[in-house]
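Colleague: Residue-level listing of the chains:
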Amino acid sequence: MKTPLCDLHEQLGARMVEFAGWDMPVHYGSQLEEHHAVRRHAGCFDVSHMAVVAIPTQPGEELLRQLLVGDVKNLEIGRGLYTLMLNDRGGIVDDLIVYRGSTEFRLVVNAGTTQKDLAWIEQHALALGCGGIANHHSDLCIIAVQGPTAIGLVGDALAVPSLGDIAPFSFVEHREHFIARTGYTGEDGVEIICRPLEARDLWQQLTAAGVVAAGLGARDSLRLEAGLNLYGHDMTEETNPFECRVAWTIDWEDASRPFIGRDAVEKLLHAGSPTKLVGVRLTERGIPREGCEVHSAAGTGVVTSGTFSPTLQYGIALARVPRQMRGPCQIQVRKRLIDGRTVRLPFVKREQ
Amino acid sequence: MAEFPPHLHYAKTHEWVRFEGDRAIVGISDFAQEQLGDVVYVELPELGLQVEAGDETAVVESVKAASDIYAPVAGEVVECNEQLDAEPEIVNQDPYGNGWFFVLQIQTKEESNDLLTADAYASMCEDESA
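So the sequences go chain by chain: A and B.
345 is the number that this note's numbering gives the last residue of the first sequence; the numbers go up by one with no jumps.
170 is the number that this note's numbering gives the last residue of the second sequence; the numbers go up by one with no jumps.
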């Protein structure tokens, strides 16, 4: 599949790769330069491969209170929430952002899990007697604009001077654009949902205004520096929120709300998980990659995501390790055992 | 588009060789650096290492992946490009010039039979990227 911006990427000299069935730009010449542009200035990402799913508020609220670990009952109009869908075993079906509009909820879900998520939502909608309630807007585009100067540049491009007043995880609807102050890079910025015509126009305006087009490569190194999980790698259906550092998304408040997976995660809350997800940095030269073993006195773990940090100039990783592990460790990178240690996340904090 | 200077010899594993008397200078091709993306580390061999053609001799690591660099011919490692330690991006910027990896002292030049001409290598790359 191709996003409606595909020819614009090719014009910019993008190297395209297949990702979850989509032809996506991995970089436009240099992943490192795109990464630095987002940390220092502003970059834009075509993330139209992700899916927008609309669910009417009634009876959608009851459905989403079952499906999501966060409680949408507490979500105000104009706000978004990072949350999870769990299976009965407490495994993570997907991570997503849900926004509440005046008449409907909007979910933005991962590209690789879209069909699975739609089937999961439909299955539970049917049980509630509201089958067919979820509407997948496959025609919509999503552009993320991230970096310290992103808000100002988007405000100029879309003539929304007050864009900086939107609180994080809030959104505004301005003409044909849905603009949310969210992102996946650790920087300030917005994610804009709109139709293809508006998306092409916005993309061209932004790149003409000096916003650097950035590909999936930079998106991955940016999110990893920010300590953000990637679904399918750092968390899957086989892992629970406690061993993925995302248990904070669970809203336990309303004890009478039996969200899917609640029994399982309540048990885990008391019993504890044998493993945890930690940040690891290498203290020698080398780059940890997914699947590398992590050795320590407390036992052996595995790298779930790894990269070279362009900001820090050393190798960093998220790793699932025994719960007791801390401090120094060694990472098996190809034929070498490389010294590293666990560190506090995020690896890179935004400059305030 | 990747460039393939005609005066060089190429290995199927994407190294290039330039022969200067009994010295063989080795690097990776423009096509290879393009495929790798930004190079962030280069692991160079020890001086004095004896290698056969096809031996893993160095490692180049990009943001995307790590790749072995194989000796295109047999010989002894007599020189390494230390500049790549501090500035690995030279491999991307100047793969056939300042981005060379190491120099092998060779016994005979006959082993270069397995190497490809620029034209043959270029068409191999074309097939790979198709």
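None of these hints come from the bench; they were simulated from the model.
Among the clues, some could well be false.
Subject to a maximum C-alpha distance of 25 Å in a straight line, what follows is the list of computed SDA-like cross-link-like pairs (lysine to any residue) [as the list claims (entries may be wrong)]: (1) A:Lys260 - A:Thr304; (2) B:Lys52 - A:Arg327; (3) A:Lys328 - B:Asp95.
Colleague: Decide, hint by hint, whether the structure agrees.
Modeller: These are the hints, each one checked on the structure:
no., hint, verdict
1, A:Lys260 - A:Thr304, "40 Å, violated"
2, B:Lys52 - A:Arg327, "22 Å, holds"
3, A:Lys328 - B:Asp95, "15 Å, holds"
Hint 1 from the list above is the single one not met by this structure.
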